[in-house]
Amino acid sequence: MKLPISWLKDFIDLDGLTVEDIARKLTLAGLEVDEILYAGLEMPTYKDGEKHEFKTNGIAWDKEKIVVAEIREVKAHPNADKLTLLDLFDGQQEQVVLTGAPNIFHLKGAGKLAKPIKVAYAKEGSTLYDGHAEGLQLMTLKRAKIRGVDSYSMACSEKELGITEEHEGIIILDDDAPVGMPLADYMGDAVLDISILPNMARNANVIGVARELAALTGHELKKPTIKFKTSGESVEDLVEIEIENSELNPRFVVGLIRDVEIKPSPYTIQRRLKLAGQRPINSIVDATNYAMIELGEPLHAFDYDVLKERAQKACAESKSKGAVEAKIKISTRAAKDGEKLTTLDGIERTLTSMHVLVWGEKGSLSLAGVMGGSESEVTDRTKNVLLEGAAWNFINIRRTAKQHNLPSEASFRFSRGVHPAMADQGVKRGLQYMAEWAGGVIAPGLVDEYPLKPKDPTVIVTPQDVKRLLGIELNVEEISALLTRLEFKCRITKHGLRVTAPPHRMDIAEGVIGLADVLEEVARSYGYDNIPTTTMSDALPPQAGNPVHEWEEHLRDLLVALGLQEVVTYRMTSPEREGRLAAGQRPETNESQHYVRVANPIAPERSVLRKSLLTSVLEIVEKNARVESIAMFEIGSIFEPNNNDSSTGSHRPDVLSGERGLLNEPRKLAIVMTGARIASAWDVKDSPAFDFFDMKGRIELLLSGLRLADISYTEADPSTNPKATHLHPGKAAEVKVNGQIVGLFGELYPLVKEKFEFGESAIIVAEFDLDLLRTLPPTHGIKSMPETPPIYEDIAVIVDDSVQASAVESLIRQTGAGTVTDVRLFDVYRGDQVGAGKKSLAYSLTYQSDKTMTDADAAAIRNRIVKRLEQAVGAKLRS
Amino acid sequence: MLDKLNEIKKAALESLSFINDQAALEVWRVANVGRSSPLMQVFAEFGKLSKEQRPVIGAAANRVKVALESALEVKAQAVKNAALAKSLEEEKLDVTLPGRIVNIGRLHPSTQQLRHVLFILAEMGFQVYTSREVETDEYNFQLLNFPPHHPARDMQDSFYIEADPSTGSGRSEDNSILMRTHTSPGQIHAMREASATNPQNPPPIRIALPGMCFRYEQITARSEIQFNQVEGLAVGEGITFADLKGTLTDFVRRMFGAGARLRFRASYFPFTEPSAEVDVECFVCGGVGCQVCKNSGWLEILGCGMVHPTVLQNGGYDPRRYTGFAFGMGPERQLMLKNKINDIRYFWGNDVRFLEQF
Ligand SMILES: [Zn+2]
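Going down the list, the protein sequences come from chains G and F. Going by our numbering, the first sequence opens with residue 1, and the numbers climb by one from there. Going by our numbering, the second sequence opens with residue 1001, and the numbers climb by one from there.
Derived from the structure by calculation, the hints contain no laboratory data. From the three backbone atoms N, C-alpha and C, an ideal C-beta is built for every residue, glycine too. Keep in mind that a hint or two might mislead.
Taking beta-carbon pairs under 8 Å as the criterion, some of the chain F residues facing chain G (in silico) [stated by the list, open to error]:
| hint | residue |
| --- | --- |
| 1 | Thr-1111 |
| 2 | Tyr-1129 |
| 3 | Ala-1234 |
| 4 | Ala-1242 |
| 5 | Gly-1257 |
| 6 | Gly-1259 |
| 7 | Arg-1261 |
| 8 | Tyr-1268 |
| 9 | Gly-1303 |
| 10 | Met-1306 |
| 11 | Pro-1309 |
| 12 | Thr-1310 |
| 13 | Asn-1314 |
| 14 | Thr-1323 |
| 15 | Trp-1348 |
| 16 | Leu-1355 |
Here chain G is said to cover these stretches of chain F; the calculated rule only asks that three of the stretch's residues, wherever they fall, bring their Cβ under 8 Å from a Cβ of chain G [unchecked claim]:
| hint | region |
| --- | --- |
| 17 | 1008-1018 |
| 18 | 1152-1161 |
The following block holds chain G by itself, in its conformation from the complex:
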């Protein structure tokens, strides 16, 4: 909300406070000032290194150089048709001022003006915004000759003074502007741009902010006096109101003003409206807006004669039924589903029962609290105005404004709650301003239908409550003083302070919640700054770790130690994006229906929640394809619909399962490696690319880091394992711990790889089920270091190419159990020396036992091993 300081000063004395002081107090109390825009008032100057407090913009008006002046005559320019020369008096002397302003052009050559025109006059040397420049550029008025006439000063436009962007004409001040007065004293201003929190809608008006300031400064709030003369027939005899549903419409008030003159409002009013972000329209519409900004009650003006005409028609039609007088009847009700209304903006809107309509005979008048209908709006021909002030259910208004995308000043306020007590005050204030600015005579009385009068909530507050929640010691009198400043009614009773909320607040409840509501006001009024800082003195809770979180953090550390970069990616993707992983395989039937869909995605490529963490990481690798060496991982959730299908056997207590109809959120680890094994340097040119065994080595280290034993690797066959279809059939493996598959890794299937924009190198991927991995029991304890010396020996055996290395190794380990403590494959050879279809596997064996072993002991075991290998896999010892 944009709030001019001058307006605020109508209701509170702010002497002794700078604009920044005011902004600071409001900000700390929850009315955050985002920006201060100066339009005339003196601006703060900061010395080098001095602290700023607010984002500040705008311009100050020099009191010597920019003053109120009067135009006494508008003369033609000797050499230019479109320019005029103004004979102007600035309070001290006569000046001749050149202008091209169109809004006084019609006075050219009219001789001495009967009534001088008051203008904002800037003398030579004034600093102003350049009216002709794009945007806001400061300039200093200098003496120049324009078409042969000396020009050294000017009558200003709003843009030049930083009031609006308007540069079409010069400002014409109200007739009572005192000539010679510094303009800054007459109408210098500063505008506070305040963020209104959802629970502070009561302050989205001038009085509301003034009231807060009164509480914060102790200055008195000067409430407006609403007084006006009335005459003629009372509105109560002319209009009747019917409210169908008081929950939706607790109050509806109308007043009437006759014989208004639709004309521009006084400049002072227009200027304030503009600074507050409103476009001045005419004296009637401006009065409704001005009263709304001042009091917070949105008003709606109807053309009374349009309504009356309708009523008379309706009356004539129903004469036969015995109706005698043409009383205007306004009713409010929920719309019917499918009902239509054309709003002021010319758009026909289809309504539902959620919407509330204000209804006259022969049709709807407005979409309650949001926007008027076009038929009954005030026009230039309007003579008599019926002014509505009402209270609406804020939830309905919020839904209506949201659904029709109709944010307005009215719906902003109504959708956050406007107290019904404000309705009659708003109407009276609006009528008063209409009478002042548009002439006219206010009809006596108001039609006030008030079926649902809210009770002002009452709460008992004690010093103990204040101490318990806020940690400060205040006595009843002090609490009372703090709350009274905010217009709470306080009475000291033997139970404590009896506090009643003032009739502009809708955010105070009763009971234990009301107590918190009131204590918040005590805290704000007392000042958060004044509350001490203390240390918690309550008991420390029972200590409990978070095993899942701690385990994952450990896993992250292990992965980082293995040289992998962590990435964190979006949860939202699309079936098409993840579908790339299925490329080259038979089309997955109805794959997409297993996705969790986002009902309101921001884009088609983020329409579902991911099912594959691996795709997320692959996409990141793709984006970094330029990088020479990539090794990345992510740990995160994927999302699966919860089918509540127990037959799948997927119910695991450790997975975030779909309780309460929610999703399963299994945790996964995905790893992708590609490119050079080591980044090239100036002396190392071509590093081999990451391959299957780089990944396997890291997995081995990872699992040993997790202290898992009984690990085995088996070929993953895409034809039998549907989860492996993205992998190269010859370069894919399952990782098993205790015989359970915990992960899958291998090289990306070439046809899958083609779907991405990767570089030349093979893409090596791995994926693990963390919910399973996490629950596997780790080994405990460490092996002791034997005291006896080991014997090292290498053996090489020749086997058929089809024999798996793991089979050979486990035969060696089985046969040598107890004495062969380490088996390490150090060479694999295929070639002429071993013959076609054969390979040589060379192992380095470590023999060690409790007793010192001799070479002969080792030889005996070795012979057993060789024999076993011969029998089991047809191995020959390579000599």
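For chain G, the structure is supplied; the task is to place chain F with the ligand on it using the hints.
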């Protein structure tokens, strides 16, 4: 004979003076002090000398031997020094050439910052509590005192999950499933779990709630659809707003330095009352005003407040007996402020050039 010895010595020392490498030195040694050298020949032919000559010649020959050997030693050292000097000269590197790097792993910057925050909170007694990313409207909003259609919901536009793919509907504020907009549903989960253990006297709570949250936004340099959050929650008997101020003052000073200036500004969150924003004096400009703090001198870094009685009640804690406070912050926002990152998309963009700077 003495002449001969002098001859030997003179010739040997002269030839030694021309030697400047190890190999020639070895040849010289063999030739001049070796077993078959002329000098040794003199010793070998000692028996042929008369009794009178022996001590004279013997002494003289010994002197020559010592002289040659010590000359050899000096020369050997000189040759070695020269060789070393030469090889050192040859081995000289261009130390300005770039170093050879290894691939090292790193944690994502968000993880690093989450850890930093959680580490400080752990020291203050706040233990990590994690919960799911997809929640019900009830847990994400209603139990946290955001009734359906409440204006406070405008602050947190949500991604809704289609309830049933066959109907395609599911977006409503009454009873839907959504991507959590904050980690606060965990407050309810944690309180309910704790109060279930002892409904009459629920135990005190002090937890930190980290995790990814989601808001319906367009992805721009300034707004993202997902971001991490860390919340803190303390519930117990006798926890006050002054305690909240004290705890957060401690936290902020651990986080941003012992001298950090901070202020508590009244604010609004549906699940706390009273609520506050914590601003810390801009650490980029020291409060003088800069782009980062939008010339205000302050940076908004935390939202906080006393747990709303409705939320305590929904968690199984009697608001007449228990009080508590909660606070929340954004690790990515902290990183952006600290490192002058002007584009929030960098975080989930995962460009290696960004990641490797952390
Ligand atoms: Zn700054």
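Taking the hints in turn, this is what the structure says about them:
With a cut of 8 Å, the hint placing F:Thr-1111 at the interface with chain G holds, because the nearest CB-to-CB distance is about 6 Å. Interface restraint check: F:Tyr-1129 against chain G, minimum CB-CB distance 7 Å, threshold 8 Å, status holds. With a cut of 8 Å, the hint placing F:Ala-1234 at the interface with chain G holds, because the nearest CB-to-CB distance is about 7 Å. For F:Ala-1242, the interface hint holds, the least distance from its beta-carbon to any beta-carbon of chain G being 3 Å, beneath 8 Å.
Look at F:Gly-1257: its Cβ only gets to about 17 Å from chain G, farther than 8 Å, so that hint breaks. Here the hint on F:Gly-1259 is broken, as its CB sits about 15 Å from the closest CB of chain G, past 8 Å. Using the Cβ-Cβ criterion of 8 Å, the hint placing F:Arg-1261 at the interface with chain G is not satisfied: the shortest such distance is roughly 10 Å. Annotation: interface hint on F:Tyr-1268 holds; nearest CB of chain G at approximately 4 Å, less than 8 Å.
Against a cut-off of 8 Å between C-beta atoms, the interface hint on F:Gly-1303 is violated, since the closest Cβ of chain G lies about 11 Å away. At its closest, the beta carbon of F:Met-1306 sits 6 Å from a beta carbon of chain G; the interface hint therefore holds under the 8 Å criterion. Proximity of F:Pro-1309 to chain G holds as hinted, the smallest CB-CB distance being about 5 Å (cut-off 8 Å). With its C-beta approaching chain G no nearer than about 6 Å, F:Thr-1310 sits inside the 8 Å limit, and its interface hint holds.
Hint on F:Asn-1314 is violated. Least Cβ distance to chain G is approximately 12 Å, over the 8 Å limit. Annotation: interface hint on F:Thr-1323 holds; nearest CB of chain G at approximately 6 Å, less than 8 Å. Taking 8 Å as the C-beta contact cut-off toward chain G, the hint placing F:Trp-1348 at the interface holds, the least distance being around 6 Å. Because the beta carbon of F:Leu-1355 sits about 6 Å from the nearest beta carbon in chain G, less than 8 Å, this interface hint is met.
Coverage of a stretch by a chain is defined here by at least three residues with a beta carbon nearer than 8 Å to that chain's beta carbons; for the region 1008-1018 of chain F and chain G the count is 0, and the condition is violated. Counting residues of the region 1152-1161 of chain F whose beta carbon lies closer than 8 Å to any beta carbon of chain G gives 6, which meets the minimum of three for the stated coverage.
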